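2 protein chains.
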Amino acid sequence: MSAEVRHSWVDIRNWVHARILDRTYRPGDKLPRDEDIANELGCARSTVQRAMRDLSDAGIVERKRKGGTQVRAHPVTRATLDIPVTRNEVEQRGSVYGYQLLTRVIDEIPLAVMSKFSLRQSKQMLHVEALHLADQRPYILEDRWICTETVPEVMNVDLVEQSANEWLVHNKPYSHCDLRFYAVQADEYTARQLDAPLGSALFVMERTTWINLSPITTVRAITTPGYQLLTQI
Amino acid sequence: MSAEVRHSWVDIRNWVHARILDRTYRPGDKLPRDEDIANELGCARSTVQRAMRDLSDAGIVERKRKGGTQVRAHPVTRATLDIPVTRNEVEQRGSVYGYQLLTRVIDEIPLAVMSKFSLRQSKQMLHVEALHLADQRPYILEDRWICTETVPEVMNVDLVEQSANEWLVHNKPYSHCDLRFYAVQADEYTARQLDAPLGSALFVMERTTWINLSPITTVRAITTPGYQLLTQI
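One line per chain: the protein sequences are A and B, in this order.
Residues in the first sequence are numbered from 97 upward in steps of one, following my numbering.
Residues in the second sequence are numbered from 97 upward in steps of one, following my numbering.
Please keep in mind that the hints were generated in silico from the structure rather than gathered at the bench.
Since this is a predicted model, take the numbers as computed values, not measurements.
Heads up, a few of these hints could be off.
Unchecked claim - Below are the DMTMM-like pairs computed for lysine to aspartate or glutamate, each with C-alpha atoms no more than 25 angstroms apart in a straight line:
id, chain 1, residue 1, chain 2, residue 2
1, A, K268, B, D150
2, A, K212, B, D178
3, A, K268, B, E158
4, B, K126, A, E262
Throw the hints in and build the complete structure from the sequences for me.
So, in structure tokens, the structure goes:
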């Protein structure tokens, strides 16, 4: 690159990335110091830092404590995933959103939920099951437990009108979230609700959230056959 | 916060996040200008900028062109996913990694692969199937097509000794990647290879990569029953 033009951090990022793609710098190699790159390319050191942070966020390089940068020796595929509120996801697909409350009952949490929240003994929580629809067809079956100690106000929410998914997102921000993706076979109840063949393979997105150390909710979003979660890098 | 202490960008980030968690600023609200926050808290404007970029990366706020910041009106669950090379993933679990080449043949690509690469007509590519093992048990079945026009040197690689997964990661960086997650039912071949019941629900991670506009590879990593992809926010 010519040092006479003023370079943006995106220019610097692309320049360094191109040197990694063409194998000038190989996995495990140290890159020149930010300062040396800045001097060579005639830009501010902060511009190089911004570029390096972007490459580091993308899993391409690793920044070391003492200021050095290294091409990742064990590269990972690093992707950012956005999981929107289900209503928005359906509407962004151009479909009409629908919602149906199936269950809303205070109940003893099962062992699986105890373990998700790392609780040593069982307690009662609000169990909510609901169906999200796209163009009047089942889209996602929501199976959720809400901790009424952390979120007592949920007892006053009309979950027939508004999904717990939307209410929580807008009223109960979390500080920590565990995400899991996996596949399950449709049991009889799930197959009936999702109008899917018994035993079909269903993709599940599971989220468990806390505010500081208090559990808020754990939810399994069980999708209909054929559902795909996409992202790009 | 006291203006007499020197605040790090993490302090500023936590301070703003706490104001969002306690609903001082609600979804859709505009936050004060970076400069005003900097003046109020007695820190540099660049420190506020760094904090805001972190909150923006996490999907909590949105930065606007003209320098304003807004609490996201339609919040998303934004997560970063790291998918390591399968060998590293198995070894990080404390298991012994194994690998077995099943198929390695030049073949006409099927329609599904044409569509993934947005090709209008079929062509020949290298089809590779391989089994990754953890403690001698099937872990991931890799079903991969490699574009030999873009990567002719793959024809000289001994894929019995080294998986295409590892060879590509270390020798053929990509500039663009499509990622898809979904569930499939085990057909007869897959069930036999993964030693899983016929029809079981399997979680699939699919990646398609390009270097600039040239296709490199498309791969389905079909996991054994019970596999979960985890991340935290």
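For each hint, the structure was consulted:
1. A:K268 with B:D150: holds (20 angstroms)
2. A:K212 with B:D178: holds (21 angstroms)
3. A:K268 with B:E158: Measuring from Cα to Cα gives roughly 19 angstroms; hence the hint holds.
4. B:K126 with A:E262: holds (21 angstroms)
The earlier numbered hints are all upheld by this structure, with none contradicted.
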